[in-house]
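**Q** Here are the chains, one letter per residue:
Protein chains: 2
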Amino acid sequence: MAQKPSIPKGTRDFGQQEMAERNYIFDTVRSVFRACGYAQIETPAQENLSTLLGKYGDEGDKLLFRILNSGDAFANVDQSKPLTPQVCEKGLRYDLTVPFARYVVQHQNELSFPFKRFQIQPVWRADRPQKGRYREFYQCDVDAIGSKSQLCELELIQIIDKVFAKLDINVLVKINNRKVLTGLAEICGFPDKVVDITVAIDKLDKIGLDAVKAEMMEKGLTEQAVSVLEPILTLSGNNDEKIAAMRSIMASSETGMKGLDELEELFGYIKAAGINTATEIDLSLARGLNYYTGAIFEVKALDWQIGSICGGGRYDNLTGIFGLPDMSGVGVSFGADRIYDVLKGLDKFPKDLRSSTRILFANMGQNELLYILPLVSSLRDAGVSVEIYPDSSKLKKQFDYADRKAIPFLSITGENEVAQGIVNIKNLESGEQRSFPKDDVKSMIEWMA
Amino acid sequence: MAQKPSIPKGTRDFGQQEMAERNYIFDTVRSVFRACGYAQIETPAQENLSTLLGKYGDEGDKLLFRILNSGDAFANVDQSKPLTPQVCEKGLRYDLTVPFARYVVQHQNELSFPFKRFQIQPVWRADRPQKGRYREFYQCDVDAIGSKSQLCELELIQIIDKVFAKLDINVLVKINNRKVLTGLAEICGFPDKVVDITVAIDKLDKIGLDAVKAEMMEKGLTEQAVSVLEPILTLSGNNDEKIAAMRSIMASSETGMKGLDELEELFGYIKAAGINTATEIDLSLARGLNYYTGAIFEVKALDWQIGSICGGGRYDNLTGIFGLPDMSGVGVSFGADRIYDVLKGLDKFPKDLRSSTRILFANMGQNELLYILPLVSSLRDAGVSVEIYPDSSKLKKQFDYADRKAIPFLSITGENEVAQGIVNIKNLESGEQRSFPKDDVKSMIEWMA
Numbered sequence: 011m012a013q014k015p016s017i018p019k020g021t022r023d024f025g026q027q028e029m030a031e032r033n034y035i036f037d038t039v040r041s042v043f044r045a046c047g048y049a050q051i052e053t054p055a056q057e058n059l060s061t062l063l064g065k066y067g068d069e070g071d072k073l074l075f076r077i078l079n080s081g082d083a084f085a086n087v088d089q090s091k092p093l094t095p096q097v098c099e100k101g102l103r104y105d106l107t108v109p110f111a112r113y114v115v116q117h118q119n120e121l122s123f124p125f126k127r128f129q130i131q132p133v134w135r136a137d138r139p140q141k142g143r144y145r146e147f148y149q150c151d152v153d154a155i156g157s158k159s160q161l162c163e164l165e166l167i168q169i170i171d172k173v174f175a176k177l178d179i180n181v182l183v184k185i186n187n188r189k190v191l192t193g194l195a196e197i198c199g200f201p202d203k204v205v206d207i208t209v210a211i212d213k214l215d216k217i218g219l220d221a222v223k224a225e226m227m228e229k230g231l232t233e234q235a236v237s238v239l240e241p242i243l244t245l246s247g248n249n250d251e252k253i254a255a256m257r258s259i260m261a262s263s264e265t266g267m268k269g270l271d272e273l274e275e276l277f278g279y280i281k282a283a284g285i286n287t288a289t290e291i292d293l294s295l296a297r298g299l300n301y302y303t304g305a306i307f308e309v310k311a312l313d314w315q316i317g318s319i320c321g322g323g324r325y326d327n328l329t330g331i332f333g334l335p336d337m338s339g340v341g342v343s344f345g346a347d348r349i350y351d352v353l354k355g356l357d358k359f360p361k362d363l364r365s366s367t368r369i370l371f372a373n374m375g376q377n378e379l380l381y382i383l384p385l386v387s388s389l390r391d392a393g394v395s396v397e398i399y400p401d402s403s404k405l406k407k408q409f410d411y412a413d414r415k416a417i418p419f420l421s422i423t424g425e426n427e428v429a430q431g432i433v434n435i436k437n438l439e440s441g442e443q444r445s446f447p448k449d450d451v452k453s454m455i456e457w458m459a
Numbered sequence: 011m012a013q014k015p016s017i018p019k020g021t022r023d024f025g026q027q028e029m030a031e032r033n034y035i036f037d038t039v040r041s042v043f044r045a046c047g048y049a050q051i052e053t054p055a056q057e058n059l060s061t062l063l064g065k066y067g068d069e070g071d072k073l074l075f076r077i078l079n080s081g082d083a084f085a086n087v088d089q090s091k092p093l094t095p096q097v098c099e100k101g102l103r104y105d106l107t108v109p110f111a112r113y114v115v116q117h118q119n120e121l122s123f124p125f126k127r128f129q130i131q132p133v134w135r136a137d138r139p140q141k142g143r144y145r146e147f148y149q150c151d152v153d154a155i156g157s158k159s160q161l162c163e164l165e166l167i168q169i170i171d172k173v174f175a176k177l178d179i180n181v182l183v184k185i186n187n188r189k190v191l192t193g194l195a196e197i198c199g200f201p202d203k204v205v206d207i208t209v210a211i212d213k214l215d216k217i218g219l220d221a222v223k224a225e226m227m228e229k230g231l232t233e234q235a236v237s238v239l240e241p242i243l244t245l246s247g248n249n250d251e252k253i254a255a256m257r258s259i260m261a262s263s264e265t266g267m268k269g270l271d272e273l274e275e276l277f278g279y280i281k282a283a284g285i286n287t288a289t290e291i292d293l294s295l296a297r298g299l300n301y302y303t304g305a306i307f308e309v310k311a312l313d314w315q316i317g318s319i320c321g322g323g324r325y326d327n328l329t330g331i332f333g334l335p336d337m338s339g340v341g342v343s344f345g346a347d348r349i350y351d352v353l354k355g356l357d358k359f360p361k362d363l364r365s366s367t368r369i370l371f372a373n374m375g376q377n378e379l380l381y382i383l384p385l386v387s388s389l390r391d392a393g394v395s396v397e398i399y400p401d402s403s404k405l406k407k408q409f410d411y412a413d414r415k416a417i418p419f420l421s422i423t424g425e426n427e428v429a430q431g432i433v434n435i436k437n438l439e440s441g442e443q444r445s446f447p448k449d450d451v452k453s454m455i456e457w458m459a
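Taken in sequence, the protein lines are chains A and B. All residue numbers for the first sequence refer to my numbering, where the first residue is 11 and numbers rise by one. All residue numbers for the second sequence refer to my numbering, where the first residue is 11 and numbers rise by one.
Honestly, I wouldn't trust all of these hints.
You can't tell identical chains apart in this list, so a pair holds if it fits in one copy or across any two.
[Said to hold, decoys possible] Listed next, the in silico SDA-like pairs over lysine to any residue satisfying Cα-Cα at most 25 Å (straight line):
1) K223 with T265
2) K268 with S402
3) K65 with G20
4) K72 with Q89
5) K141 with F36
6) K415 with I130
Please keep in mind that the hints were generated in silico from the structure rather than gathered at the bench.
Could you put together the complete structure from these sequences and hints?
**A** Below, the structure written as structure tokens:
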């Protein structure tokens, strides 16, 4: 009996239409990355588990896909010890950041720093599949490593601005700084409570000021500590005003003031560069808190309800674990699947993505084929995407093929046309039809443009 | 101690230069595939082992990379039975053909046939790594399924012709037909010796006619059988003459005559379509003999010593194993790594692939930065790839950066230029330098074009 074919859960096939739409996203980010001088790299799907393990927390280690050693993996195993580490030495890439860090360390002598790279490749996670969460998905990462300049942060915001302008998605860029969060924890006397404080602040919109204060005290902050933070919770005004207000509160924290310096410098650049996208300080922004050391970014779509569609930040010691200390970097990752959902939801994909084929030549028989073959070659040479229906089937079937592939032009060139040395082309949308001398490729192209 | 980073053997990192070169190959094949109306699809890296096993022979099954089941894979294993099948249900894609067959069967109701697809994705094989053989490599496959017309074969030859013309590689397309090989075996009375006969014919150039005849007899053919085949071994003339000669010998084999009909039809189309690439009947062409049922193709580079750089053929029942019988298809696969080696060897990569960045703005300090930021935005908006050096390092260091990245233009805009409202741009190759009014983006672009 024949097998019923299927694919592993959480994975996807992409057909013509989805590929065209996904390529539209990838091509857009790629063109913007290139316009800013970022170099594309690719790393292998498989990395040594020694590279991957311990980089994503215990939960991440569990979600790694492990590859069984090739040959007879179980030949010399010690049954009294855990088997997995004995039979698996490699795993599938879990994200693009750790492979990037590994790449930079491994190739440090070939690279010129600051090294600006982008990478668009799939990653794999053995997560429980659910709506919008897959076991294989693409990441689009762009990072600059080897400079502490806030110009790198600016450039990422310029990239975000340009990408979403090209995709016609209204977004808000939320900006935070890990050093400012450290400063908050320091000035209230609980330097080890950064995460608790940030998580509480994050709930301000939902649960209100009093509840946030109550939560902070539940987490062990004193009343006095909470009163120190209260002015931060009620910050208002534009970004400059917020920075100024925080300066007066945070003067006692050297780290906090450094963070405010960075924010101020960055917003100065943003103003000078003429960024159109709205940018906003958001102290509750806490993504990757154990990881980032400076700026933290998150991008929200304004007209479609969905999680962040792009995010990232600065990490001061990403490559340290691979033996290269003091390499500061900053990067963001574009979420292709969520961006896809936003474009679908807002119906913002360009309309002409559907078919790549411009004209179908119907198959009217052997003689007619020999007549049109040179023309088909000439049209393709001129950059027109052309198909010939391969079989001399009923015209209805050939029409249906053009229709299902959304091919806009059809040529039915039969024996009459061959006798007259002409070619008929029909615009399948308007119904309009025209005849051309067989060799007048130029006029045909103009008419189909 | 820090880990020394490395990647699994047989896998590769691709840096900026290699990526640009590889993308040049991928972009070229993709543009040609699209010009002929082929739709891009992508399938997941992981397939169920039930999809993959048994499709590549015993050797292939051994070379599959297996993925350890997630969760505790060893929780309920029966130690008395082989462990691998109990702990691995998925494997990494071994080629693009089997996933394509699986895709066609799984999505048959969404597709319009004939279905023309291309697919450019990596595949993984646990082969012993050696020069030119990797455990992860890209395949570029293009197939048409659902039509028996020789126009499909023609279209693949048109694609081959166009791809290698664009890449500027001189090639020879060798063409054979499995039905003709069957015919040969039939007319000499040994229909089960197709492989032996073909393997012997393949040695003609190397070992000569007598040795080939001797080998055939070693394999069990009678003297009389060999004498029937002898005129085939000494075939000469052009493709039409070869076909005509074979017709007179092969009249008693229906399958053989059908194969000759197909070859004759195909060469008729090739002539009509004006294919420039040399095409040649080669009866020793035996790739995938257990697999192909009609045309067999192989492409050789004429000016560089290397194995075939593209190949494929027609298979009449690829999807049968997944429950969809009578789907005839034909396709070829372009070997990106070998094509890369040929382009490198012949020094045929375009010279301008190296840097994507057109101009670097040196970092002369805070004031100057604020002065150039709007200009940088305008240049990028106009499609120019621009970088600003992020740190105000010594000019020597900034120069070196431009040099190592092969950036052709440099702007050093200091306080004098700011005072005058101008921008200086230097052509780093010619040494020529020019000043522009700060806002005259158009002239800058023209000068750098």
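**Q** Of the numbered hints stated earlier in the document, which are not met by this structure?
**A** Hints that this structure does not satisfy do not exist here, as all of them hold.
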